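Trainee: Spelled out from the first residue to the last, the chains are:
Number of protein chains: 2
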Amino acid sequence: MRRLKVIISYDGTHFSGYQVQPGERTVQAELERVLAIMHKGEKIKVTASGRTDARVHATGQTLHFDTPLSIPTEKYHKALNVQLPRDIRVLSVEEVANDFHARYSVVGKRYRYIWSCELIQSPFRRHYTVETNGVKPNVEAMQEAAKAIIGTHDFSCFCAANTSVKDKVRTVKTLQFEWHGEELHMVIEGNGFLYNMVRIIAGTLWEVGVGRRTIDNLALVVASEDRDKAGKTAPPQGLYLEKVFY
Amino acid sequence: MRRLKVIISYDGTHFSGYQVQPGERTVQAELERVLAIMHKGEKIKVTASGRTDARVHATGQTLHFDTPLSIPTEKYHKALNVQLPRDIRVLSVEEVANDFHARYSVVGKRYRYIWSCELIQSPFRRHYTVETNGVKPNVEAMQEAAKAIIGTHDFSCFCAANTSVKDKVRTVKTLQFEWHGEELHMVIEGNGFLYNMVRIIAGTLWEVGVGRRTIDNLALVVASEDRDKAGKTAPPQGLYLEKVFY
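Protein chains in written order, with the UniProt record's numbering: chain A, 1 to 246; chain B, 1 to 246.
Think of the hints as simulated: they come from the structure by calculation, not from any bench. In this text, all values refer to a predicted model and were calculated from it rather than measured experimentally. Treat the hints with care, since some could be wrong.
Below, a list of computed lysine to any residue pairs in the SDA-like style, where the Cα atoms sit at most 20 Å apart [claimed, not checked]:
1) A:Lys147 / A:Val210
2) A:Lys75 / B:Glu118
3) B:Lys75 / A:Leu119
4) A:Lys232 / A:Leu175
5) A:Lys78 / B:His185
6) A:Lys78 / B:Lys75
7) B:Lys78 / A:Gly134
8) A:Lys232 / A:His180
9) B:Lys243 / A:Arg51
10) A:Lys173 / A:Val106
11) A:Lys75 / B:Thr132
Label pairs and their calculated CB-CB ranges [what the hints assert, rightly or not]:
12) A:Ala36 / B:Glu24: 34 to 40 Å
13) B:Val165 / A:Gly211: 27 to 33 Å
14) B:Asn162 / A:Gly211: 44 to 50 Å
15) A:Val135 / B:Gly41: 32 to 38 Å
16) A:Arg33 / B:Lys136: 31 to 37 Å
Even glycine gets a Cβ: it sits at the ideal position worked out from N, Cα and C.
Please construct the entire structure, taking both the sequences and the accompanying hints into account.
Mentor: Okay, structure coming up:
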């Protein structure tokens, strides 16, 4: 058996998220369906770095699986892309040691969140950004408020209530805002993220940017360890899992 | 009655083209459905600069209609965008003289055609560009061959067979290729275009770019006035109606 590390990109618009759910179209289900075809019906279990929610995108989701097939990785790569639907693309296939684990070996992740701040959101961007109806936030304030988030903290305040994870201490390494034309990007990198953490951070810092929350408030939110003190969870279609570090 | 000139953008992916067709989702049908709501059931006929095919996009389609409503154009604009589906956006609403006609007053149009030339097409671009599987054409050759198209010609060679138009003389004012990262854009402007003309030009010049047709061949194609001498019709999802000139 060989272990393969596979990096994929997907348009999350028409998926009920990454993880298999009975009766739903998911990224994992599509991958395992195609692998079963390639393995003559044998079930090949795919393990990803983590799940993504419905409508959330990925430009660098990473996964592994074990395969008895000895075909070269390049051919594997092509065969996967031929069989997969067009909203999932395999970017790379690499043979790795058997102790590589797409989830347990993760040392960091980078996410991107995009708002489209033009007065009328382009119809071509409706599934890929969150519209602000022309509101342009105070990005300097958002960047300043982000200082309270960068570092190692118990991030219970930014974790969706419905989670079974006990240890909520994570390290946010960088959190930067960038304008790309009239689209505002938030790029966040850390050693791990709790359920909905990036979307809750995006929603909370947005409130700072539009003057509904002060810069100083962020330190109180983090210290509170209370989800109710943070802002709204920003919508899924603005979020991209961009890179997984090992 | 006031006449309004309206500029719209639409993502053509989920439309069976611009023009009303029974039982199909079309841009015109959506516009007229929304106008009927705004006019309490009264049918308001919309006239566009011309039709676009299924999956073809627009960033500057232009249309007119007559309305008995006296609400300000700004409010009209907002009301339309509130009611319209998200894959159609109204970019502007302007009151015009009653002799303005979205189709008959046209003096020119600009189209854009986009190929994505990266090895693996981004899943986010699958509906908005045509993939070349990593093939990067010789753009200098395409630009040189385009010289045979620029100017005033009978363009029967670039007109789909199923058309009722008699006079096929048109003037192509400019035809330029531009790289935007790994995406190749063809921008073409002229006083008018025959049915499928831009897509047939794109398909024919592409053949020059990949060495399947010589630069010199283009003059023969144009002179032949024979559709069969030109190349394949390029796929619809790469095409954008960008601007209509009056």
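Trainee: So which of those numbered hints doesn't the model satisfy?
Mentor: 5, 6, 8, 9, 13, 14
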